[in-house]
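Take the sequences, apply the hints, and build the full model.
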Amino acid sequence: MPLDRAGVGWHADALVQTLPSEPPGDPVAGGAWEVARRLVMGYRMADPAIVRATWDPDAPLEGREMLLQLRLFRVLRTHARVRVTRAWDELRDGSRVFGYEYETLPGHVEIGRMDYEVHKRLDDGTVDFRIHACSRPSEAGAAWVRLGYRLFGRRQQVRFYLRSCERIARLTARELGLSSRPPPPAVRLDEADAPDTGPLVERLAPRR
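Sequential numbering of the sequence shown, starting at 1, is according to this note's numbering.
Worth double-checking, as some hints may not be accurate.
As the list claims (entries may be wrong) - The following label-pair restraints were derived from C-beta to C-beta distances: (1) Pro185 <-> Arg77: 22 to 30 Å; (2) Ser179 <-> Pro57: 29 to 37 Å; (3) Pro23 <-> Arg92: 17 to 25 Å.
It is worth saying that the hints were derived from the structure and are not from the lab. Bear in mind that the values here come from a model prediction, so they are computed numbers and not experimental data. The beta-carbon is built from N, C-alpha and C at its ideal position, and this holds for glycine as well.
What follows is the structure, encoded as structure tokens:
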């Protein structure tokens, strides 16, 4: 069902971050795609100054429940849970794609879904990291949490996306022994610019 985001406060976001490239063909052992895949598996792209996560290390990726500690200005903190609902490692439109999607659980300050993906184009070796998300405030939690989200939530949400993109680019380059120069900035996309993800509203909207 299409969402009237303008009416009920939905936000749909899509970002792509360029990572170090590889030679054309399948992902290189120990190369950028494999490094970024491992970082995403371990939730290392998340800036710990904004979000920290814990989970059962023995749990499979699909179905994994994660306890997130949401941090504001390194002072205010609240906890929320998410569950990984899908995971994939596939060939898609000439690219090798790894990723997973999670949904918020009751008590989270947001209602929604988001996913993280690592792409490698097999024809030219381009590697990138992508975020897709659709969410709105849940009105859950203590009064101070709801107030804080109304005042700073959207700003922190976008900051988290951009910092995740920058962080995975830096960590991937570091592990590959490449330059520590700042990575190129992430590109924020409109829904129409990301057809390979499917309509964000339909695929990422919470099933509640």
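Practice prompt. May I ask you to test the hint 22 to 30 Å on the CB atoms belonging to Pro185 and Arg77?
Written response: holds, 28 Å
Discussion item. Quick check: does the Cβ-Cβ distance between Ser179 and Pro57 fall within 29 to 37 Å?
Written reply: The hinted range 29 to 37 Å holds for Ser179 and Pro57, with Cβ atoms some 32 Å apart.
Worksheet item: Between Pro23 and Arg92, is the Cβ distance one that fits in 17 to 25 Å?
Response: holds, 20 Å
Comparing the model with each numbered hint stated earlier shows that all of them hold.
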